[in-house]
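Student: The primary structure of each chain is shown beneath.
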Amino acid sequence: MSFIPGDPTITLPVIFAALMGLSILIYVVLDGFDLGVGILTPLATDAQKDRMVASIGPFWDANETWLVMAVGLLLVAFPVAHGAILTALYLPVALMLIGLILRGVAFEFRAKVPAPKKALWNRAFFGGSLLTALSQGYMLGFYIMGLDHSWSAHVFAMLTGFALTAGFAFLGACWLILKTEGGLQGQAILWARRTLWAVAAGLGAVSLATPLVSARIWDRWFSVPEFFVLAPLPLLSFALVAGLWGILRTRQVADDGFAWLPFAGASLLYILAFTGLAYSFYPFVVPDKVTIYDAAAAPESLFIILIGVLIVLPVIAGYSALSYYIFRGKARDLRYD
Amino acid sequence: MDMLDTLMLSRIQFAANISFHILFPTITIALGWVLVFFKLRYARTGDPVWMDAYFFWVKIFAVTFALGVVSGITMSFQFGTNWSGFMERVGNIAGPLLAYEIVTAFFLEAVFLGIMLFGFRRVPGWAHTGATLLVAIGTTLSAFWILVLNSWMHTPAGFELRDGVAHVTSWWEVIFNPSMPYRLVHMLLASGLTVAFVLAGVSAIRWMMGDRSQAVRKTFRTGTVMGALLIPLQIYAGDLHGLNTLEHQPAKVAAMEGNWQTGSHVPLLLFALPDEAARENRFELGIPSGASLILQHSREGVVPGLDDFVSEDGRIEHPPVAPVFWSFRVMVGTGMAMLALSWATVFLMRRGRSMDSLPRPVLWAFVPMAFSGWLATLAGWYTTEIGRQPWLVQGVLTTREAISNVPPTLVLSTLLAYLAVYALLLVAYLGLILYLARRAALGATAPDAPALGRPVNDPVQTIERRTA
Numbered sequence: 035m036s037f038i039p040g041d042p043t044i045t046l047p048v049i050f051a052a053l054m055g056l057s058i059l060i061y062v063v064l065d066g067f068d069l070g071v072g073i074l075t076p077l078a079t080d081a082q083k084d085r086m087v088a089s090i091g092p093f094w095d096a097n098e099t100w101l102v103m104a105v106g107l108l109l110v111a112f113p114v115a116h117g118a119i120l121t122a123l124y125l126p127v128a129l130m131l132i133g134l135i136l137r138g139v140a141f142e143f144r145a146k147v148p149a150p151k152k153a154l155w156n157r158a159f160f161g162g163s164l165l166t167a168l169s170q171g172y173m174l175g176f177y178i179m180g181l182d183h184s185w186s187a188h189v190f191a192m193l194t195g196f197a198l199t200a201g202f203a204f205l206g207a208c209w210l211i212l213k214t215e216g217g218l219q220g221q222a223i224l225w226a227r228r229t230l231w232a233v234a235a236g237l238g239a240v241s242l243a244t245p246l247v248s249a250r251i252w253d254r255w256f257s258v259p260e261f262f263v264l265a266p267l268p269l270l271s272f273a274l275v276a277g278l279w280g281i282l283r284t285r286q287v288a289d290d291g292f293a294w295l296p297f298a299g300a301s302l303l304y305i306l307a308f309t310g311l312a313y314s315f316y317p318f319v320v321p322d323k324v325t326i327y328d329a330a331a332a333p334e335s336l337f338i339i340l341i342g343v344l345i346v347l348p349v350i351a352g353y354s355a356l357s358y359y360i361f362r363g364k365a366r367d368l369r370y371d
Numbered sequence: 053m054d055m056l057d058t059l060m061l062s063r064i065q066f067a068a069n070i071s072f073h074i075l076f077p078t079i080t081i082a083l084g085w086v087l088v089f090f091k092l093r094y095a096r097t098g099d100p101v102w103m104d105a106y107f108f109w110v111k112i113f114a115v116t117f118a119l120g121v122v123s124g125i126t127m128s129f130q131f132g133t134n135w136s137g138f139m140e141r142v143g144n145i146a147g148p149l150l151a152y153e154i155v156t157a158f159f160l161e162a163v164f165l166g167i168m169l170f171g172f173r174r175v176p177g178w179a180h181t182g183a184t185l186l187v188a189i190g191t192t193l194s195a196f197w198i199l200v201l202n203s204w205m206h207t208p209a210g211f212e213l214r215d216g217v218a219h220v221t222s223w224w225e226v227i228f229n230p231s232m233p234y235r236l237v238h239m240l241l242a243s244g245l246t247v248a249f250v251l252a253g254v255s256a257i258r259w260m261m262g263d264r265s266q267a268v269r270k271t272f273r274t275g276t277v278m279g280a281l282l283i284p285l286q287i288y289a290g291d292l293h294g295l296n297t298l299e300h301q302p303a304k305v306a307a308m309e310g311n312w313q314t315g316s317h318v319p320l321l322l323f324a325l326p327d328e329a330a331r332e333n334r335f336e337l338g339i340p341s342g343a344s345l346i347l348q349h350s351r352e353g354v355v356p357g358l359d360d361f362v363s364e365d366g367r368i369e370h371p372p373v374a375p376v377f378w379s380f381r382v383m384v385g386t387g388m389a390m391l392a393l394s395w396a397t398v399f400l401m402r403r404g405r406s407m408d409s410l411p412r413p414v415l416w417a418f419v420p421m422a423f424s425g426w427l428a429t430l431a432g433w434y435t436t437e438i439g440r441q442p443w444l445v446q447g448v449l450t451t452r453e454a455i456s457n458v459p460p461t462l463v464l465s466t467l468l469a470y471l472a473v474y475a476l477l478l479v480a481y482l483g484l485i486l487y488l489a490r491r492a493a494l495g496a497t498a499p500d501a502p503a504l505g506r507p508v509n510d511p512v513q514t515i516e517r518r519t520a
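So the sequences go chain by chain: A and B. For the first sequence, the numbering used here assigns the number 35 to the initial residue and increments by one for each residue that follows. For the second sequence, the numbering used here assigns the number 53 to the initial residue and increments by one for each residue that follows.
Since the hints were derived computationally from the structure, they do not count as laboratory data. On a predicted model such as this, the values are computed, not experimentally measured, just so you know. Ideal Cβ placement from N, Cα and C applies to all residues, glycine included. You may find that some hints are simply not true.
Said to hold, decoys possible - These stretches of chain A come out as covered by chain B in the derived footprint (C-beta under 8 Å, 3 or more residues):
| id | segment |
| --- | --- |
| 1 | 270-284 |
| 2 | 302-313 |
Stated by the list, open to error - Taking CB as the label site, the calculated pair distances span:
| id | chain 1 | residue 1 | chain 2 | residue 2 | range |
| --- | --- | --- | --- | --- | --- |
| 3 | B | 392 | A | 347 | 16 to 24 Å |
| 4 | A | 220 | B | 68 | 41 to 49 Å |
| 5 | B | 261 | A | 215 | 39 to 47 Å |
To be verified - Only part of the chain B face toward chain A is listed, based on derived beta-carbon distances under 7 Å:
| id | residue |
| --- | --- |
| 6 | 136 |
| 7 | 155 |
| 8 | 174 |
| 9 | 281 |
| 10 | 335 |
| 11 | 336 |
| 12 | 339 |
| 13 | 350 |
| 14 | 460 |
| 15 | 468 |
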């Protein structure tokens with residue numbers, strides 16, 4: 035462990051918290067866009083549905099693997115917290131899993147079953163995507179409220195459930211602006227405009243709620259000099275929302291030169307929001323109860339995982355990039371042959 | 053009492069989950085290699101029939117893979133929701149093994165699956181075959197890591213307990229724990245056999261539907277020859293695995309043999325009803341000294357008995373006997389049926405005789421035998437997993453100690469929800485395979501569309517889709 039600076043019982047948990055945070059962030063942005071596309075399918079015609087699914091078909095499986103990675107890192111690096119968090123989130127986790135199962139298989143079934151059954155699998159695809167997004171939003175809200183079974187926590191969690199669902203729909207719409215053209219792209223611009231306000235409301239609600247629930251988080255944000263150091267975070271987010279609103283109202287967004295802008299902006303917004311949350315909760319992994327240092331697995335075990343992750347992660351990044359490169363440009367029909 | 057209910061319900065839930073899950077990797081592990089084989093045969097012979105076979109089976113691979121992924125994600129969460137004690141006690145060992153499975157296998161297969169399925173017109177032929185190969189390697193690597201962990205739970209090694217928590221002393225010993233090589237080989241062969249009989253079974257169904265295409269004939273031959281080659285290897289590997297279990301988990305072997313008292317001249321029981329209350333068998337029918345011969349290679353060989361695994365204060369420390377005893381017999385019986393059918397068929401098809409020369413009952417027999425791999429795999433896993441009880445990690449952690457404190461009603465509600473979803477998906481999966489078989493048999497495969505994407509000049513990509 036010689037190349038790890040400092041005390042490994044401090045350094046390793048920090049590294050793993052960062053890796054887990056990175057995985058969650060990558061998951062939220064990547065699976066966020068394909069869940070969002072699923073949530074938007076009922077608004078589209080049957081031909082458009084095929085094109086929408088084609089835009090995410092080659093990617094969704096790898097996107098979802100980041101969830102396994104994030105939960106895996108929680109499981110392996112912070113085993114105590116994994117049990118505590120997932121036991122507290124028992125029901126929403128089960129609902130999310132059923133949602134993930136339904137949409138994952140609907141991808142395959144809808145493309146292969148006889149025509150009359152396709153509508154059924156389209157509904158399963160939408161229902162699964164929606165259920166997944168709602169449960170994940172619920173879990174986020176409930177986690178922010180400290181995994182505490184109070185009425186206010188459940189109500190807030192439901193609100194974040196709707197907010198994250200809208201957020202994913204927004205991300206999905208931005209992805210469609212990038213990956214489609216013509217009428218569907220025009221629709222996607224409209225969808226993005228309509229969901230942006232919900233994203234803004236959700237971000238605002240979470241930003242207000244977190245410091246109010248926890249005195250510790252209040253202190254982290256509203257003391258000098260932190261307040262001024264951190265000020266760019268909310269300001270930048272606000273500017274991004276305004277900028278996205280502006281872009282989505284222009285004609286140029288449909289041009290290929292600018293079609294990437296909404297998705298890039300939306301991703302940046304998620305990165306900012308996530309950074310804010312991560313700053314609020316660090317160093318706790320179970321809010322205000324268990325720190326990453328208390329929950330961490332033995333340093334020898336973390337070290338052996340770290341070696342593997344450091345070797346393999348760049349390879350994964352490389353071939354993921356290759357896949358996005360191979361399927362670059364506007365989405366076309368999905369076919370095996 | 054409440055904890056017992058949660059324990060039983062959680063066990064049933066995990067068993068339902070993992071039983072449903074294993075059906076799909078059992079197919080994809082070996083089917084990935086079969087797809088590579090089809091592509092290589094095409095590259096070698098230039099015969100487009102191999103690509104017909106590839107395009108039919110890649111659809112089944114895609115659906116099977118998706119079912120495997122989604123049911124697998126469920127399990128990574130259930131470790132935390134239902135079995136938090138597992139990671140708290142042995143997380144230092146299980147964690148890195150699971151992490152290596154994720155980073156070396158899951159991403160590899162997920163990313164290259166996209167290229168394998170949808171990249172045929174976007175990448176050169178060699179790259180597409182390469183993607184298929186990487187997917188096959190990914191599924192096999194995934195099997196490797198998870199079987200390392202599972203084997204460690206049966207024969208833990210390379211660790212020490214500090215304050216009840218397992219800490220690694222040697223990763224080499226953890227990974228190459230005593231039962232790992234046997235279990236890995238046994239499972240990989242099981243996957244090969246499952247796919248062999250699925251290939252042959254689905255081809256037989258297409259044949260019954262009137263499909264006389266070369267693709268059906270070639271796939272049927274691939275399946276039967278694969279089955280005939282693998283089954284003797286599997287019987288040998290299974291025997292070695294059994295001897296390994298005798299050394300490390302004698303209570304499991306005692307339950308498999310239904311043997312209550314340690315002694316020599318133990319019969320090989322063909323039928324018995326183990327009675328746990330009376331601690332004896334009823335209606336025994338067996339081959340004299342058979343178990344002694346198989347396990348110790350001598351009639352005088354001593355076979356452990358279940359009565360050795362009852363503590364002085366009467367606590368039972370061996371697994372429940374009847375389920376282990378019967379699952380083992382179902383597995384072995386299915387294996388014998390595989391042996392009989394595949395060898396008989398290879399014999400009937402010797403010297404290039406075609407499927408036309410096969411008697412109809414033989415072809416019909418392949419239809420139910422399409423499920424033989426699933427049946428044997430499940431029965432084998434029930435034998436080994438129930439056979440480890442009451443331990444979760446043999447000698448280190450009992451199943452009861454690992455349970456999360458979740459209200460039983462909550463576990464029951466999620467269990468029912470999972471069961472409903474699984475039943476639905478299983479019906480849809482089998483229905484889809486039948487539908488694909490019928491569509492292929494009717495020659496109504498997807499009509500040729502004009503080439504999409506950039507022009508292709510690779511021979512693999514420019515072949516015409518032949519409609520059988």
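Student: Now look at each hint and say whether the structure bears it out.
Tutor: Against the structure, the hints:
Figure legend: the segment 270-284 of chain A, annotated as covered by chain B; annotation inconsistent (0 residues with Cβ-Cβ distances under 8 Å, at least 3 required). Evaluation of the coverage hint for the segment 302-313 of chain A: breached, as 0 residues show C-beta separations to chain B shorter than 8 Å, against a requirement of three. At about 50 Å, the CB distance of residue 392 of chain B to residue 347 of chain A disagrees with the hint of 16 to 24 Å. A C-beta distance of roughly 46 Å is found between residue 220 of chain A and residue 68 of chain B, which places it inside the suggested range of 41 to 49 Å.
Take residue 261 of chain B and residue 215 of chain A: their Cβ atoms lie about 42 Å apart, and the range 39 to 47 Å holds. Among the interface hints, the one on residue 136 of chain B holds; its C-beta lies about 3 Å from the nearest C-beta in chain A, closer than the 7 Å criterion. Annotation: residue 155 of chain B was flagged as interfacial toward chain A, and the flag holds, the nearest CB pair being 4 Å apart, inside 7 Å. Because the beta carbon of residue 174 of chain B sits about 5 Å from the nearest beta carbon in chain A, less than 7 Å, this interface hint is met.
Because the smallest distance between the Cβ of residue 281 of chain B and any Cβ of chain A comes to about 29 Å, over 7 Å, the interface hint for this residue is violated. Residue-level restraint check for residue 335 of chain B is violated (minimum Cβ-Cβ distance to chain A is 43 Å; threshold 7 Å). Among the interface hints, the one on residue 336 of chain B is violated; its C-beta lies about 44 Å from the nearest C-beta in chain A, farther than the 7 Å criterion. Of the supplied interface hints, the one on residue 339 of chain B is violated, with its beta-carbon coming no nearer than about 46 Å to a beta-carbon of chain A, more than 7 Å.
For residue 350 of chain B, the suggested interface contact is broken, since its CB lies about 44 Å from the closest CB of chain A, more than 7 Å. Hint status for residue 460 of chain B: violated, given a least beta-carbon distance of 12 Å to chain A, over 7 Å. For the restraint placing residue 468 of chain B at the interface with chain A, the shortest Cβ-Cβ distance is roughly 11 Å, beyond the 7 Å limit, so the hint is violated.
Hint compliance for this structure: hints 1, 2, 3, 9, 10, 11, 12, 13, 14, 15 are not met, and every other hint is.
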